[in-house]
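Novice: These protein sequence lines map, in sequence, to chains A and B. Following this note's numbering, the numbering of the first sequence begins with 1 at its first residue and continues without gaps. Following this note's numbering, the numbering of the second sequence begins with 1 at its first residue and continues without gaps.
Hint data in this document are derived by calculation from the structure and do not stem from the laboratory. Check before you lean on any hint, since a few could be wrong.
[Said to hold, decoys possible] Per the computed footprint, the stretches of chain B lying under chain A, defined by three or more beta-carbons under 8 Å from a beta-carbon of chain A, are:
1. 12 to 25
2. 67 to 74
3. 106 to 112
[Said to hold, decoys possible] A few chain B residues that face chain A, going by a derived Cβ cut-off under 7 Å, partial list only:
4. E167
5. D217
6. F219
7. A223
8. G299
Yeah, the Cβ is synthetic: ideal placement off N, Cα and C, and Gly gets one too.
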Amino acid sequence: MARIDLDLAHAYKPNPRGDEDYALLPLQMSFADGGAYALLGPSGCGKTTLLNIVSGLVKPSQGGVKFDGVDVTKRTPQQRNIAQVFQFPVIYDTMTVAENLAFPLRNRGVAPDRIARRVGQVAEMLELSGQLNQRAAGLAADAKQKISLGRGLVREDVSAVLFDEPLTVIDPHLKWQLRRKLKQIHHELRLTLIYVTHDQVEALTFAEQVVVMTRGRAVQIGTASELFDRPQHTFVGHFIGSPGMNFLPAQAAESGLEVAGHRLGVAPEATRGKGPLTLGVRPEYLRLAGAGSQGALPAVVMQAQDIGTYWLLTAQVAGGDSLVRARLSPHEAIPKVGETVWLTVLGPRTCFYGQDQQRVGETAP
Amino acid sequence: MELKLERVEQRVGAEAYLYPLDLTLVPRAVTVLLGATQAGKTTLMRVMAGLDAPSKGRVLADGEDVTGRPVRERNVAMVYQQFINYPSMTVAENIGSPLRLRGEKNVAARVKELAARLHIEPFLDRLPAELSGGQQQRVALARALAKNAPLMLLDEPLVNLDYKLREGLRDELSQLFASGQSTVVYATTEPTEALLLGGYTAVLDAGELLQYGPTADVFHRPASIRVARAFSDPPMNLFAGQAGAAGIALGGGVQLERTLAAAHSPTLTVGVRAGALHVEPHEGDLALPGKVELAEISGSDTFLHVATAIGELVAQLTGVHEFTLGAPVTLHLDPRQAYVFDASGDLLLAPERD
């Protein structure tokens, strides 16, 4: 296992000029030894390029990669001692499950009794013990992918295990179990794991630290709570959460904060003298309030949806075209479409963003 | 259009893909076909479209028997998981193709309007291969909408897109469906997607149609354990129980106070949705002490897995919360929020709704 330090950039072509010529803009980051990380972002954000640079499949156009302080930029994945798990199962159909799991160890001449012990341990964790002597050919896609995961995890001496969207072929009901398995396995084996996904559930559940990426840039590295409560960039607010953070235009003035054309009367310390801002508040933190309440705005209900465990309210801020979404408990009185409601936009977890989309402040919790 | 299926079944050799089913789709509304992969959703859609003839039974479109009539003689629009467009045609030509085939006028204007509704106007002169996956699927959707067919079938159309794209496109689609005149059928494996689309839901499991009704009603009153399983994400917590004088005895000496009116078997199954379990107690709640197995975090919720005396429970908590693996935690349940199923798995009691 290794600590991994990156200080690099990757351009599509020689002599890059603008940001658009970069698959990865200059970045500096470290993966701690034994940590669980996720690279999260939409397709085209650079997460797979970053993973391929860590594994050694891609050489960065600038800078380099260090494993435990040693420059490995020019080394192949084999030389770096990296294990990888891909989107689709990579296994030998003619071998049994046990032989498949043992393969990476046997290849490196590990003693047979150690192989047996480790294969047994990994099979037990992935609930494959009952199928060890079965041929892989006859198994369903998700069982095959479990074998792939097992093969990635079976070696104890790897620098890191890299996962590229490994749960794509898994049925939603089984994804639950596998996400949980991966988390428990990390807890038990303490391998350095780096996991690429566009799925926030997988990333936030699995990782201790999530790297959120967009357009070749890592916009925030943080824990799930940090990404949820204190998004560093409007993209993080938007991307984390379903639906994502609500954004409203705001302007700090002498007499208070003006939000989407409404004077709120109070101006949080964080907004003073900042000029034009964007206010960000999550649907989970928008609350129904009495008419004229401090920090609240009037809005007209456009849609009220029963999402089973909660209601999702879509409302248009009165006198403008800004839409906001609020998540309400089924035990509250749910307003009807067309009704005017007051919604608290200045709560304990409201964030403010500058014109570069970076967070400039927030209300105190 | 009113589409009616009468005793439709589909067999291939000895294998049943669809068991005999009756289904009348609510006209000009969205019907969600909800079920896991292999549940029979695609098989059923292919029969509805006329891509396959059923082994038995009849398909009626506005009262007319169209069983076995091939799809090209039916006015049906379809959208698939894969983004299917004509690769050598531009986006504009792709969208306009059903209009040109029918020799309609004002094709360019109609194409422009549809492209605007699906936010692909800037790409009209490009080829599909030059677009992102989300944009390609928008083109396929625009072409399906251009047909203006009375029946529109969508087979997991968003499954191959990033979830943020899926969120936006799903919103737009529900608005388009709501304003349209078509009867829409939309297949998905995801309970939350069904709830977001609203309309009506038909739950399929292993080739059987289990329940059909307004989406929220099916969710809140699943007719059986099988429906509750198919329509809960995270899965519904289920425990064996014994009916007694003081309520229902669950494992580990836990008593659930729930009064059952109808006659029933002594052996019961109690179901609790993850959203009904809380970490803060309320008066009258049943306390279920346990130990944290795992906290899973979606962007907006934390799914807390807890090992308790009655078995492992999953609780859905709003927002992001961090828990230490192995730490003690107590979950609380309002007994009125529990579902009760009889020995054969049929619903006896559901939580009351306001």
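Novice: Take the hints in turn and mark each one as holding or not.
Specialist: We went through each hint and held it up to the structure:
1. For the region 12 to 25 of chain B, the proposed coverage by chain A is not satisfied: 0 residues have a C-beta within less than 8 Å of a C-beta in that chain, short of the threshold of three.
2. Under the rule that three or more residues need a Cβ within less than 8 Å of chain A, the assignment of the region 67 to 74 of chain B is violated, with 0 such residues.
3. For the region 106 to 112 of chain B, the stated coverage by chain A is not satisfied: 0 residues place a CB nearer than 8 Å to a CB of that chain, which falls below the threshold of 3.
4. Checking E167/B against chain A: minimum C-beta separation of about 6 Å stays under 7 Å; hint holds.
5. Using the Cβ-Cβ criterion of 7 Å, the hint placing D217/B at the interface with chain A is not satisfied: the shortest such distance is roughly 10 Å.
6. Because the beta carbon of F219/B sits about 5 Å from the nearest beta carbon in chain A, less than 7 Å, this interface hint is met.
7. Given hint, A223/B at the interface with chain A, is violated; its Cβ is 16 Å from that chain's nearest Cβ, farther than 7 Å.
8. Restraint check, G299/B versus chain A: the minimum CB separation of about 4 Å is within 7 Å; hint holds.
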